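Dock chain A against chain S, hints included.
In the order they appear, the protein sequences are chains S and A. Mapping to our numbering: the first sequence position 31 is 31, numbers consecutive. Mapping to our numbering: the second sequence position 232 is 232, numbers consecutive.
For the record, the hints were derived by calculation from the structure and aren't laboratory data. Small disclaimer: the values here were computed from a predicted structure and weren't measured. Take the hints with a grain of salt, since some may be wrong.
Claimed, not checked - Restraint ranges, calculated between C-beta atoms of paired labels, are given here:
| hint | chain 1 | residue 1 | chain 2 | residue 2 | range |
| --- | --- | --- | --- | --- | --- |
| 1 | S | Ala-282 | A | Gly-197 | 46 to 56 Å |
| 2 | S | Ala-234 | A | Lys-181 | 48 to 58 Å |
| 3 | S | Phe-145 | A | Asp-280 | 28 to 38 Å |
| 4 | A | Gly-215 | S | Asn-36 | 22 to 32 Å |
| 5 | A | Val-100 | S | Leu-285 | 55 to 65 Å |
| 6 | A | Arg-52 | S | Thr-141 | 39 to 49 Å |
| 7 | A | Leu-278 | S | Pro-152 | 24 to 34 Å |
A virtual CB, placed ideally from N, CA and C, is assigned to each residue, including glycine.
Number of protein chains: 2
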Amino acid sequence: MWTKLKKLQNVDDYNKFLDSFETFLFDCDGVLWHGNTLLPRTRETLDLLKKRGKRIIFVTNNSSKSRKSYKKKLESHEIPAEEDEIFGSAYAAAVYLKQVVKFPSEQKVYVVGEEGIEAELDAEGIAHCGGTDPNDRQPMTAEDFETFDQDPSIGAVLCGIDFHFNYLKLCKAFTYLQNSKTLFLLTNDDSTYPSHGKKFPGAGSISSSLTFSTGRTPKSLGKPYSTMMDCIEAKLKFDKEKAVFIGDRLDTDILFAKNSNIKSLLVLTGVSTEREILADDAKILPDFYINQIGDLYQVDDKGNV
Amino acid sequence: MWTKLKKLQNVDDYNKFLDSFETFLFDCDGVLWHGNTLLPRTRETLDLLKKRGKRIIFVTNNSSKSRKSYKKKLESHEIPAEEDEIFGSAYAAAVYLKQVVKFPSEQKVYVVGEEGIEAELDAEGIAHCGGTDPNDRQPMTAEDFETFDQDPSIGAVLCGIDFHFNYLKLCKAFTYLQNSKTLFLLTNDDSTYPSHGKKFPGAGSISSSLTFSTGRTPKSLGKPYSTMMDCIEAKLKFDKEKAVFIGDRLDTDILFAKNSNIKSLLVLTGVSTEREILADDAKILPDFYINQIGDLYQVDDKGNV
Numbered sequence: 001m002w003t004k005l006k007k008l009q010n011v012d013d014y015n016k017f018l019d020s021f022e023t024f025l026f027d028c029d030g031v032l033w034h035g036n037t038l039l040p041r042t043r044e045t046l047d048l049l050k051k052r053g054k055r056i057i058f059v060t061n062n063s064s065k066s067r068k069s070y071k072k073k074l075e076s077h078e079i080p081a082e083e084d085e086i087f088g089s090a091y092a093a094a095v096y097l098k099q100v101v102k103f104p105s106e107q108k109v110y111v112v113g114e115e116g117i118e119a120e121l122d123a124e125g126i127a128h129c130g131g132t133d134p135n136d137r138q139p140m141t142a143e144d145f146e147t148f149d150q151d152p153s154i155g156a157v158l159c160g161i162d163f164h165f166n167y168l169k170l171c172k173a174f175t176y177l178q179n180s181k182t183l184f185l186l187t188n189d190d191s192t193y194p195s196h197g198k199k200f201p202g203a204g205s206i207s208s209s210l211t212f213s214t215g216r217t218p219k220s221l222g223k224p225y226s227t228m229m230d231c232i233e234a235k236l237k238f239d240k241e242k243a244v245f246i247g248d249r250l251d252t253d254i255l256f257a258k259n260s261n262i263k264s265l266l267v268l269t270g271v272s273t274e275r276e277i278l279a280d281d282a283k284i285l286p287d288f289y290i291n292q293i294g295d296l297y298q299v300d301d302k303g304n305v
Numbered sequence: 001m002w003t004k005l006k007k008l009q010n011v012d013d014y015n016k017f018l019d020s021f022e023t024f025l026f027d028c029d030g031v032l033w034h035g036n037t038l039l040p041r042t043r044e045t046l047d048l049l050k051k052r053g054k055r056i057i058f059v060t061n062n063s064s065k066s067r068k069s070y071k072k073k074l075e076s077h078e079i080p081a082e083e084d085e086i087f088g089s090a091y092a093a094a095v096y097l098k099q100v101v102k103f104p105s106e107q108k109v110y111v112v113g114e115e116g117i118e119a120e121l122d123a124e125g126i127a128h129c130g131g132t133d134p135n136d137r138q139p140m141t142a143e144d145f146e147t148f149d150q151d152p153s154i155g156a157v158l159c160g161i162d163f164h165f166n167y168l169k170l171c172k173a174f175t176y177l178q179n180s181k182t183l184f185l186l187t188n189d190d191s192t193y194p195s196h197g198k199k200f201p202g203a204g205s206i207s208s209s210l211t212f213s214t215g216r217t218p219k220s221l222g223k224p225y226s227t228m229m230d231c232i233e234a235k236l237k238f239d240k241e242k243a244v245f246i247g248d249r250l251d252t253d254i255l256f257a258k259n260s261n262i263k264s265l266l267v268l269t270g271v272s273t274e275r276e277i278l279a280d281d282a283k284i285l286p287d288f289y290i291n292q293i294g295d296l297y298q299v300d301d302k303g304n305v
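The shape of chain S in the complex, shown without the other chains (with noise of 0.2 Å):
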């Protein structure tokens, strides 16, 4: 048996990686790509999981995209895909209010967010507002100020990443949110969101103005809470013993693989560094880490497969 927190760096150490596990889990971006570059070998190394009889999943917490635009975000990368096989916080968030909350079909959602929201939420058959509506993308005027009021309609306001965030939302939302009714939900607590290899203010830093407005903590649904979890296993039947979760970020991949109790492995070509999972005070700990994917590979150089 490997001991914790083993460093894949060697054709063995590859070859009985792959040979551990039947299931491989997916984070995107920072694993397969930064933004719209792919990282080197990525796709020759999903070839070869593909080729060795291996299921792949994609799981990310990108809540601007649905699972039909992730699965033309993969294939314009040339990496197949079917919807069914991806996995997003926008979509967990869907399918919690019609399965757990089983949101009454005469409220509305609020929206702060992206297309990737409206969209699990009308495949779900879920009547929403906000959004990308345009009038929604305008300034606060002095009459918004005179004519805000609650909205009994609104059973839920739910947050992610928007790129269109601002005061006019905020005050919508923090208003529909004074009813305690109201439920507060939010796709998913990252407090950055990369792009272009930079970061930028995520989901979570989005909702916290929210969170600290009306001193209320919305329930977030996805890596790395179970939700995320429940709702891939609802849809796919798979041996959790036999599957491991790819990821470069320590408090949402890693984490999310800890609490569904499956085996983990860190990339570093994304948030995460070696340096802060061999630091002494390290919290969050994968069961493997390897310099990038497409490491893997290199079974196949050697006529491995």
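Only chain A this time, still in chain S's reference frame:
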């Protein structure tokens, strides 16, 4: 001697209270007015104080207005005031940057906020950008994600209430704050902003999105922190033993009075309620409280001037 938490409720109480102090420091919204509506007998009470030779000082956490604009607002309610009797959190921030930080003339402050902050920075000769710039009131573009970078000319991010807050401003401030040398200042950390008798998200709610995304805590300059009182005392001489702060919020106004070692009067026309101060677990208590500021005017009705 009155014990702590004396409710002023008759002419004798009012007279004894007025006789005890020379300087009356007033919070404005929730004490003198609600939005554009003056509270009953406010003007008469302020006139009475002047007739009795009392000094009046206005102290507001609202950074959207400069002292000049606040003077106009007071005058619109026929309350005469001099600019140097008015202290706002935007002014406190500008004075702090000028006198305490000695902000370098070759650097700029990135403003997340309204005209009030810009006017006070201008008055102290401090260069700034962001704020009311129409270019910052736009949605984030795909190009922004690519071109965003730190800017060594930005020496501080100063955040206040911003009715035009958006993801673009959040990203800019976040990016500048990645440089640990860039100061992070906040006019006031109020969670809510009162307007039209309602509550909206306040400056502290806006800054909390930066606090969460950057992991940095801003230096807050308005009430309840001592910087605001330092600012008042640097400008006006008065006997603190004979001064009383009058406000409607326990966590800002009354705590400010305590932090400044002056007596306090809570009015029940704003945020904090009688139930809160009478609760067994009440942590911040005023010395006195009264239903509304206009009640003090009753001493005049009885011919006691």
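For this session: Could you see if the CB distance from Val-100/A to Leu-285/S stays within 55 to 65 Å?
Result: 44 Å, violated
For this session: For Ala-282/S and Gly-197/A, compare the CB-CB distance with the range 46 to 56 Å and indicate the outcome.
Result: Given range 46 to 56 Å: holds, Cβ gap about 51 Å.
Exercise. Between Ala-234/S and Lys-181/A, is the Cβ distance one that fits in 48 to 58 Å?
Worked result: 49 Å, holds
Problem set entry | Pairwise beta carbon distance, Phe-145/S to Asp-280/A, judged against the given window 28 to 38 Å | At 36 Å between Cβs, range holds.
Exercise. For the pair Arg-52/A and Thr-141/S, does the Cβ-Cβ distance stay inside 39 to 49 Å?
Worked result: This hint holds: roughly 43 Å between Cβ atoms.
For this session: Kindly confirm whether 24 to 34 Å is satisfied by the beta carbon distance between Leu-278/A and Pro-152/S.
Result: 32 Å Cβ-Cβ, so the 24 to 34 Å window holds.
Exercise. Does the Cβ pair Gly-215/A, Asn-36/S satisfy 22 to 32 Å?
Worked result: 28 Å, holds
Going through the hint list in order, the structure does not satisfy hint 5, though it satisfies all others.
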